[in-house]
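A.B. asks: Mind docking chains B, C and D on chain A? Use the hints.
Protein chains: 4
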Amino acid sequence: MSLYTQLFYSAEVNALFSDLETITQMLRVEVALAEAQSNKGLFPKAIAETIKVSGITSEIDIEKLKIDIALGGNAAIPLVKQLTQIVKNKDSEAAKFIHLGATSQDIVDTVMVLQIQEFIDWTDKKINLLETLLIALTQKHCQTIMIGRTLLQQAKPTTFGFKTAGWLTAVTRSKQRLQEIKKRVLVVQLGGAVGNGNPNIAFEIQEEFARILDLAPSFTWHSHRDNLAEMAGLLGILSGTLGKIAKDISLLMQTEVGEVFEGAAAGKGGSSTMPHKRNPVTCAAILANTNRVPHLVATILSAMPQEHERSAGLWHSEWEVLTEIMQLTGGSIEKSIGLIEGLEVDENRMLTNLELTKGLIYAENLALALAQKIGKSTAHEYVENACKKAIQEKKHLKEVLLEMNIEVTDLDSLFDPKNAIGLSLELIDQVIKKY
Amino acid sequence: MSLYTQLFYSAEVNALFSDLETITQMLRVEVALAEAQSNKGLFPKAIAETIKVSGITSEIDIEKLKIDIALGGNAAIPLVKQLTQIVKNKDSEAAKFIHLGATSQDIVDTVMVLQIQEFIDWTDKKINLLETLLIALTQKHCQTIMIGRTLLQQAKPTTFGFKTAGWLTAVTRSKQRLQEIKKRVLVVQLGGAVGNGNPNIAFEIQEEFARILDLAPSFTWHSHRDNLAEMAGLLGILSGTLGKIAKDISLLMQTEVGEVFEGAAAGKGGSSTMPHKRNPVTCAAILANTNRVPHLVATILSAMPQEHERSAGLWHSEWEVLTEIMQLTGGSIEKSIGLIEGLEVDENRMLTNLELTKGLIYAENLALALAQKIGKSTAHEYVENACKKAIQEKKHLKEVLLEMNIEVTDLDSLFDPKNAIGLSLELIDQVIKKY
Amino acid sequence: MSLYTQLFYSAEVNALFSDLETITQMLRVEVALAEAQSNKGLFPKAIAETIKVSGITSEIDIEKLKIDIALGGNAAIPLVKQLTQIVKNKDSEAAKFIHLGATSQDIVDTVMVLQIQEFIDWTDKKINLLETLLIALTQKHCQTIMIGRTLLQQAKPTTFGFKTAGWLTAVTRSKQRLQEIKKRVLVVQLGGAVGNGNPNIAFEIQEEFARILDLAPSFTWHSHRDNLAEMAGLLGILSGTLGKIAKDISLLMQTEVGEVFEGAAAGKGGSSTMPHKRNPVTCAAILANTNRVPHLVATILSAMPQEHERSAGLWHSEWEVLTEIMQLTGGSIEKSIGLIEGLEVDENRMLTNLELTKGLIYAENLALALAQKIGKSTAHEYVENACKKAIQEKKHLKEVLLEMNIEVTDLDSLFDPKNAIGLSLELIDQVIKKY
Amino acid sequence: MSLYTQLFYSAEVNALFSDLETITQMLRVEVALAEAQSNKGLFPKAIAETIKVSGITSEIDIEKLKIDIALGGNAAIPLVKQLTQIVKNKDSEAAKFIHLGATSQDIVDTVMVLQIQEFIDWTDKKINLLETLLIALTQKHCQTIMIGRTLLQQAKPTTFGFKTAGWLTAVTRSKQRLQEIKKRVLVVQLGGAVGNGNPNIAFEIQEEFARILDLAPSFTWHSHRDNLAEMAGLLGILSGTLGKIAKDISLLMQTEVGEVFEGAAAGKGGSSTMPHKRNPVTCAAILANTNRVPHLVATILSAMPQEHERSAGLWHSEWEVLTEIMQLTGGSIEKSIGLIEGLEVDENRMLTNLELTKGLIYAENLALALAQKIGKSTAHEYVENACKKAIQEKKHLKEVLLEMNIEVTDLDSLFDPKNAIGLSLELIDQVIKKY
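Residue numbers (the numbering used here), protein chains in the order written: chain A, 1 to 435; chain B, 1 to 435; chain C, 1 to 435; chain D, 1 to 435.
Bound-form chain A, shown alone:
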């Protein structure tokens, strides 16, 4: 755990990408390869068994591994060397069959996919939870009237449930995308030296290898990184959606707005110098991640034009960055769940804020009502004048209209927020019934 792990990240996600876990996955892949090859008759199953019992993370000299990575240029080369020595100590014959026909990138890439697989599984669960929370929030507040704001200005009323329904639909689309990408990204890499295979990794072995790892086989993608880029991109999108939610909440938490709050925890969000403050600490953490992820996604896209059969540098630039994208997005997911779970809504403040413009937010309602009589642009102009008057004279718009003797039947109802929320309830219903 580094200094900022608790603030920005999810401990569960970070654990998927620890050095130990990565080494464990590399060993898992080497073992799966031997198993597949022995299952398909390349060598006796006993040999695969020996390799399997040798491929134990605790046997690896990790500090030596880290040093040797700088010589070999990737993690698979020194690991295979250590694994071979461990097996040799048990059975020198078996040692000949480790990593047979494979190339380092086969291992490194397949490990990345396995980690993506675990991350997708984790994310699926968490997004389901987030959806459940957002559905409940939407249902609870479907009629909680608040002002809608465009360009940071009060515009006209909506409901808080309508706002959260929008959050929900965006989250759900990201869930769909993650489902769709599985068929492309959850594939093994097993191409050998320059990707065109060899008898030791023949297609039936690749299929068996994939089956063991619960992945699909694939044409070599050593220097075709579109699936990884797609994964990065989808997380960039999910991260953006979570950032949008955090942005909204942080704005609603402003002292001058005060409609919604992060849940309080003992000691949370306190300021060292201003004891009364309740800072949007969780929103800030999510927004920090949100600012970083797009650029990391672009890094993966920039890494795509990889030279020939294996790139000198662009491939290497993916490793830490893909991990970072998953870690940051994972952090944002976990923190968003806490954020929605603990969210406090001040319905009274929402109502109070609706009156801040002294009726001006009902101007469109009024204009629409008038438009039926005197045409849209005339009505627009008319209401604009009334608004100007209201502003100049610091009066309520209703008062001005009464003074101007405008013939509007049922003026009060036009200034009733309940009548100004458009189709919020119907549209929310349509969303909710899909779940």
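Worth flagging that the hints you see were computed from the coordinates, not collected in a lab.
Any given hint could be a false lead.
Derived BS3-like pairs (lysine-lysine); straight-line CA-CA distance at most 30 Å [as the list claims (entries may be wrong)]: (1) C/Lys395 - A/Lys395; (2) A/Lys394 - C/Lys358; (3) C/Lys398 - C/Lys373; (4) C/Lys394 - A/Lys418; (5) B/Lys40 - B/Lys182; (6) D/Lys358 - C/Lys81; (7) B/Lys394 - D/Lys140; (8) D/Lys389 - D/Lys373; (9) A/Lys358 - C/Lys358; (10) C/Lys418 - D/Lys40; (11) D/Lys126 - D/Lys434; (12) B/Lys64 - A/Lys388; (13) C/Lys125 - B/Lys66; (14) B/Lys373 - A/Lys52; (15) B/Lys398 - A/Lys81; (16) A/Lys183 - A/Lys125; (17) C/Lys433 - D/Lys40; (18) A/Lys140 - A/Lys433; (19) B/Lys395 - B/Lys418; (20) C/Lys45 - D/Lys373; (21) A/Lys433 - B/Lys182; (22) A/Lys81 - A/Lys66.
C.D. replies: For chains B, C and D alone, kept in the frame of chain A given last:
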């Protein structure tokens, strides 16, 4: 056409995004809205008809429009004003029904989607063509032996067809992605002022509006931009794949490699000072686009945390950038087609280059053959020594091995490139039979 | 002028980068080269004179030029061809001396530098104006008390002049950076085919060439783009600073805050559906640019590892992007000037907003006063309790303190905003006296 | 040390940013603040002394700190709490004077500056070393003739020393930039809660505080991040320059080029399946870093429009990213030194490669020689034809010219590479004499 239009872009794609075309699409959307509303009985069809015959691009004062955009902050506001005036001149009653219940962003966003729709259609066709060309190239060169290169070093033999099969599979995956995104991105925007609708844009009207425009209805996405970001991301991926192809070709065109060439055209690729040069001009143009697109995708992702019901700035930052992404990717697609179409392959040079290492590229073959006898790591070491000797004494590896009296049956066949291309042919077959 | 030119850009800056202007600059460079060479005796001055009178933009067939750019791969090749033909028509002898010893990139790069030079000159003037406006604003409002906000929460009082002094210092640092970069970026490119020169562009000719263009000579930088990247970076920084100002203003313009406003212009910032709104249109435009520029700067940085003596693609990717960076930043500068010039400040609202927390913003003041007596952390805790009580009981903090019988001398003065603005006035003074 | 630390990073640089080191620096800043305040008479020196002896990293409960960071939102809040407790245990009076008048961001930002200061010092030394190596390399190879390449095509001869002189000039400009930025970036942050100071951090205390830390005082820059962005940008530029060098070397190491090699180390650059390969592992590591840094720089630029007096998220997004930029660039610097130090140059291969085009690379020389007689464009055309003939008939250009009976005096000398290196030697001399 600007100075670099011909170099980087596709004239056809650029035409989809011209100012005139954008205005035409805005008018199309306003007309469709009126048509939908009258179809659903909001007002007489004659009114919609009047609006339709008025919504003509040539009637718009474009210079005035451009100036007014800076006042209103988007293109819809002044266009609606002009359109209203045009209709008013014909029928002051009809003028009341323009843009009814809609907000500017409804129009601007729906226009963006319509342009995306046209771009996807164009891209579909072009990718089909590119696929066809790559299939033919792959079939033609499935047995054309060349060296595979990893980390820019000669590694071991492959075939040119295997290389192009890799290009093909990546292009096809981008085609799939574009199919999958249609259901999400090809949707109308019709939410009204703060997105929660009103009777003038009730759900049945939204459905009709969508039907007329050949799009789908959708929950308001004024400040949820994930679908646009997904579109941007997919083009970033496609752009990266095309960049990878151009990178490979530009490297293969190097004077010292000389295996593959851009097709020559009169005057193309000439240097002002070196009359003998044949520059990879098309590759350079594609690679230039490839360097730009990832950053533009990130711009769209960075624009995602849009405030409340409509953003002050982030929304605005999408307009030109989404267009640029489509224009640059469109340019790369068109240029890639030309590139593959005209590609010249020097099969002899490929064979000659295979001999540059004096047999060292067959070292793995040899090591694998030996591994069966003496174990993988011993064989590896053994061959390593032979290679060192060959390098030091500047001899062919085969010669060294003969001197070292290594018992390898059928040494010649181990140095025959035909026997060193792994499973290239089978793997290519598997790819091709999917089309 | 394109659809969004008025909204995001400066017409003056865009004019510096028009196609016509670029062609004019290319001709200027070719003419300067001939002039330098004849001045240094390479050929008679009459020849340079003939080239000069021929290098007229109106003589160039621009449409043909645009088409030929796609063949040659850059703008200099076809331009030199056309210029040569124009000169030949006058004096076939003179035509031999055009572009002598130079390479296309010499011309294209030097033109880019000349455009940067003009842009810096323009920016210098505009930043001076912006500084002047900010100094006046700071002086006018040095004592205008408002709340300072951290993490979007009211924190403690400051003055509006202190806020604008911060804007001012950041703008001034960008001005300094632009001064410092001149010595590096305002240099000619004149290296010939592979950059290592030739007798036709010997060092003394390079010096003369530079002198004529009011630039400095330089070691060849065909594939060393650090100076251009530095220029891009500095504009990214300036753009960020202007974005920070626009961000602040757009937040202060929120309906619920209402402390500061963009100047109103007829028709500006109106909404098509909400007649009462006054949108931060100018802020939105600046913030849109601000979201785009960082990614364009990264594009230029990504383009830096250019291969060998001239890159195949990375160089080409700079052209439009450097221009875009200058255009977007230019737009933001011009719009920021308008923004500051027209800024409306509502001092009363600022005072009203100070009371929103019912005294809580003075908690630190209080804690500091108490800290002297009972220690910092105890005081902090004490005040925290008082604040909680005030919040729970919806009372003013002062009232709660009176109830709690806390011994603070001169309680009123601790709740007087004038006594809570720290060293605002002194610190502003220190800033202002530097100008 | 993580899995890839040895591959991409510098252990020395990473050490500057370890959690322990960061905590140590935070304590150093708190101690310096107390020292400055007591020096200026705010409280007895004994108190500052007590704080000093308490501010010991080993006293801090780091795991608790990490957990509390997630509550407070930054590292300073919980650290101050722990420090206060430690001091209290010694002297409850002294505990009242910790962090007096400061805000968390004052500490966090000043620590970042101190780490930047140490990084700049480290970088200064390393760049000096890199310069020294490049000067030696340039002098050694000033006359080592090789081909210059543009757009990845052989163009015309240059010398290897000329190429390395270009590397050198770019590295030196980055050194200059780092010198120039010191006056802006090496400043303390000490503004208090909302930046406008208070008597406890009056200007004379800020000056003393800065003096103790060997930094300069500054107007508050809590939400003005231009100096940090400038630092990020300069490292982006340096990173790009180092990437350009690595790109050149990796291309020159290609099997088909073979002119320059990374120094060999036991086990370095070996491939797990191709025993003969000597991979550009160091170049790959540098190029990986080079692909990442531009996007991280853009992250910092995107973080600039920070809200009001302290941002909710953008500030937080800087912490890890600024560190990463320094770590990646530090890694690239260290690796570049090793790369240049160990560089092996194959002068014979360079000469051999010059003959690959059978004289075509001398075409410009020839064209220039002919231009004097028959005009530039005619000469160009003439030589173009000769080149075509040479290519078609696979003859040496010299042979073709002899057949074509072209009157060129001293044809041999035109094909002598020594006569084709332009002004390489003079231009190198001009560069070298500046050091």
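A.B. asks: Let me make sure I understand: some of the numbered hints might not hold for this structure. Which ones are they, in numerical order?
C.D. replies: none
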